[in-house]
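Student: So the sequence lines, in the order shown, correspond to chains A and B. Per my numbering, the very first residue in the first sequence carries number 966; after that it's consecutive. Per my numbering, the very first residue in the second sequence carries number 966; after that it's consecutive.
It cannot be assumed that every hint is accurate.
[What the hints assert, rightly or not] Which stretches of chain A does chain B cover? Using the computed rule of at least three CB atoms under 8 angstroms from a CB of chain B, they are:
| id | stretch |
| --- | --- |
| 1 | 1011-1019 |
| 2 | 1023-1029 |
| 3 | 1276-1290 |
| 4 | 1320-1328 |
[Said to hold, decoys possible] Residues from chain B shown here face chain A by an in silico Cβ test under 10 angstroms; the list is partial:
| id | residue |
| --- | --- |
| 5 | Thr1133 |
| 6 | Gln1216 |
| 7 | Gly1238 |
| 8 | Asp1301 |
[Stated by the list, open to error] Dumping the calculated EDC-like pairs for lysine to aspartate or glutamate here, alpha-carbon to alpha-carbon at most 20 angstroms:
| id | chain 1 | residue 1 | chain 2 | residue 2 |
| --- | --- | --- | --- | --- |
| 9 | B | Lys1067 | B | Asp1049 |
| 10 | A | Lys1222 | A | Asp1276 |
| 11 | B | Lys1067 | A | Asp1276 |
| 12 | B | Lys1222 | B | Asp1183 |
| 13 | A | Lys1067 | B | Asp1276 |
| 14 | B | Lys1222 | B | Glu1273 |
Everything labelled a hint here was simulated from the structure, so no lab data went into it. All C-beta atoms, glycine included, are put in the ideal place defined by N, C-alpha and C.
There are 2 protein chains.
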Amino acid sequence: MYTLLNGMRVVECASFIAAPSCALHLLQLGADVIRIDPVGGGPDFRRWPVSGDGRSFYWEGLNKGKRSIAIDLSRPEGRALAVDIITAQGDGAGLFVTNFPKRGFLSHNALRERRPDLITVRVMGWNDGSQALDYTVNAALGVPYMTGSDANGDAPVNHVLPAWDLLTGSYAAFALLAAERFRRQTGQGQEVLVPLSDVALASVGHMGQIAEVLTGGDRPRQGNDLFGAFGRDFTTADGRRVMVVAVTARQWSGLVKALGLGAEIAGIEASYGVSFAQDEGVRFTHRDALFPLFERAIAACALADLQEAFDANAVCWSQYRTLHAALREDPHFSTDRDLFTALDHPSGYRYPAPGAMASFGGAARQPVERAPRLGEHTDEVLAEVLALSSARIGELHDAGLVAGPEKR
Amino acid sequence: MYTLLNGMRVVECASFIAAPSCALHLLQLGADVIRIDPVGGGPDFRRWPVSGDGRSFYWEGLNKGKRSIAIDLSRPEGRALAVDIITAQGDGAGLFVTNFPKRGFLSHNALRERRPDLITVRVMGWNDGSQALDYTVNAALGVPYMTGSDANGDAPVNHVLPAWDLLTGSYAAFALLAAERFRRQTGQGQEVLVPLSDVALASVGHMGQIAEVLTGGDRPRQGNDLFGAFGRDFTTADGRRVMVVAVTARQWSGLVKALGLGAEIAGIEASYGVSFAQDEGVRFTHRDALFPLFERAIAACALADLQEAFDANAVCWSQYRTLHAALREDPHFSTDRDLFTALDHPSGYRYPAPGAMASFGGAARQPVERAPRLGEHTDEVLAEVLALSSARIGELHDAGLVAGPEKR
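For reference, chain A alone in the conformation it holds in the complex (with noise of 0.2 angstroms):
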């Protein structure tokens, strides 16, 4: 948490993990949140991972230090209520971020009645306003089929990572940045759509592949290896694994230095007429006989050996462990460090929960906070954002429009 953007306020009415997260960054930067969920929580109230009694620990990551109003959409009142704290004045305010569809009560034509100047940003599945989640789209886009070996067949492979998910989110947390950073030179608002299905096409364009698989057709299949350089996995003598890259010249002639393998590869050189220390792509086209050589000098070597051997020549590695191995082992993942805070969280757990992402030179890191319990700022919000009496919000309370806290 920072207090870089503090006085900005955003208002949240979104699920799953593109747009929350989107907010999420806002907030870890310092801006006020306030999240907009349907009474008994949105369809994301409850997403795996989950506590033994089925509290979801994804919703309480996502919507740190977030502050909650439960508002019962599903009536006019209700709704007008949500438009109400959305386009509600202020100088940091009127920022909207939404994975609600184009059309309907929370349209961008809709609410700029109110708030002329309201920047809305709207996380969309497919860029026709048609619904998507990350995993359609990535089996929709390719990668899938890129993924894994012979070994899986010609069955697809899916992703784990919801990779187009994360990136949307912080893509629109920059965008909404852009926007508002127009706004203060100009007094314009706007809608800002932002497309997982754009992202996803547009980052595999970025990286060369559209350009790639239009001049030369379909990427085969590599296993674990890394496209067009030096990289794979292999196992050490006591049965670990390792993934070892060389992209640049430093980290190949580190990797051959540290196996000891320089005579074996000026062999190989000589006999298809390349360098591999010039050329990184041969490394990748005469990978069948380099890995072999490879595997052999790993395979001799103990992981402490070859650790030591690998890092005094600078060699670009690391080794394969589950993230619960991760967290204890690797120092590099340590939740000992100001990333993280300790917290107790709503599911009644206590656990290291991180803050934001990148390190600022010229602020202070400040604690993360916990989510909300659902509807906790319920009351708080209605008299701060709208300036509501108590009498007021009592009424909106016995007409079951708002909802407090969730009782545990």
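Since the structure of chain A is already known, use the hints to place chain B on it.
Tutor: Structure of chain B alone, referenced to chain A:
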């Protein structure tokens, strides 16, 4: 391309995906980006995918629209020239994006002596400054041990998509705008560190996975099954693969209706005493009972019939395709839209290149510009940013300290 960030000038001294994509995102919203490369190109200049004659589609994808100056960074005079450009005066300038080491001639402390309000955004590998790439961070964090199925035995399955690189790039662009906003309020510059390893670790934390493994241990591999709800790949009667997901109640009821499985599902619900519509989690815990029903129902349908039934019932699904087929066959991934501009690229190939991944309602999209040839803007940048005379620029060329555009 948009003009929202017109007037911002970013200097980039970086390689690979994360830092160059950060500057690309800024450029595609209107910033001027000057990329400083060593004469002959940086370590990413020949990165795959490449054309038949070895021109990098990757490099020209990640550097679209940037101005390129080639400097001999191995000599003190060349390094001084780079520092001059990075710290040059100008209201919208003083923004620096790099993946160079924290120490050395591009350290923030050295640079800020020349321009105290400089903002440096530094992408790192490991958070301690040691080298890492997307693939080594991902292996260390445990993702490859969650990916794939028993067909892979106990072998890890690497992701082919460098998700952490992409995410780090867009988060770095977000962080830069936050720091620039802060600078306009306070006059203060700062260094912002964005380590791949922190981005990866915080992301899995935000999604609840740190809580998950600390309270319950590692997640076993799920093959292509969506964790915690209903989702998997299925094969149609005509041998097409589809990804089908039901996270929400509406997606689930639409899917059951589309396949006419209501009676069978009710039977399973009765025998287990669960409601699949109400609890997404039991769709996962009882997937061994559910999947065979869906396999049979989908295997009985040709894709065209399935598509009609799915779309009529708002099912969340997609067809698995290869990237090349996706570009040809899926209208969502058409490059004949304003997201793309067909361009003649430095590689000599003409193909469509993507612009900004979001659509801004308040600004018109501008066409995408091709990547520069290496050193294409050397003289222009020296004259414009450093106000050097033609004579002085000639001296720099004669001394081999800078290079003009490469000859084809």
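Student: Each hint should be assessed against the structure and marked as holding or not.
Tutor: Results for each hint:
1. Counting residues of the stretch 1011-1019 of chain A whose C-beta lies closer than 8 angstroms to any C-beta of chain B gives 8; at least three are required, and the coverage claim holds.
2. For the stretch 1023-1029 of chain A, the proposed coverage by chain B is satisfied: 6 residues have a C-beta within less than 8 angstroms of a C-beta in that chain, meeting the threshold of three.
3. Here's how the stretch 1276-1290 of chain A fares: 11 of its residues keep a CB closer than 8 angstroms to some CB of chain B, so the rule of at least three is met and the hint holds.
4. Interface restraint, the stretch 1320-1328 of chain A with chain B: holds (9 residues with C-beta to C-beta distance below 8 angstroms; minimum three).
5. The criterion of a C-beta within 10 angstroms of any C-beta in chain A is met by B:Thr1133, whose closest approach is roughly 8 angstroms, and the hint holds.
6. For B:Gln1216, the shortest C-beta to C-beta distance to chain A is roughly 8 angstroms, which falls under 10 angstroms, so the interface hint holds.
7. Interface restraint check: B:Gly1238 against chain A, minimum CB-CB distance 16 angstroms, threshold 10 angstroms, status violated.
8. Given the 10 angstroms rule on beta carbons, the hint for B:Asp1301 is violated: about 12 angstroms separates it from the nearest Cβ of chain A.
9. About 18 angstroms separates the Cα atoms of B:Lys1067 and B:Asp1049, which keeps this hinted pair within 20 angstroms; it holds.
10. The straight-line distance between the Cα atoms of A:Lys1222 and A:Asp1276 is roughly 11 angstroms, inside the 20 angstroms bound, and the hint therefore holds.
11. A distance of roughly 19 angstroms separates the Cα atoms of B:Lys1067 and A:Asp1276; the hinted pair therefore holds under the 20 angstroms criterion.
12. As the CA atoms of B:Lys1222 and B:Asp1183 are separated by approximately 35 angstroms, the hinted pair breaks the 20 angstroms bound.
13. Between A:Lys1067 and B:Asp1276 the alpha-carbon distance is near 19 angstroms, which keeps this suggested pair within the 20 angstroms criterion.
14. As the CA atoms of B:Lys1222 and B:Glu1273 are separated by approximately 12 angstroms, the hinted pair is consistent with the 20 angstroms bound.
Violated hints, in rising order: 7, 8 and 12; the structure is consistent with all others.
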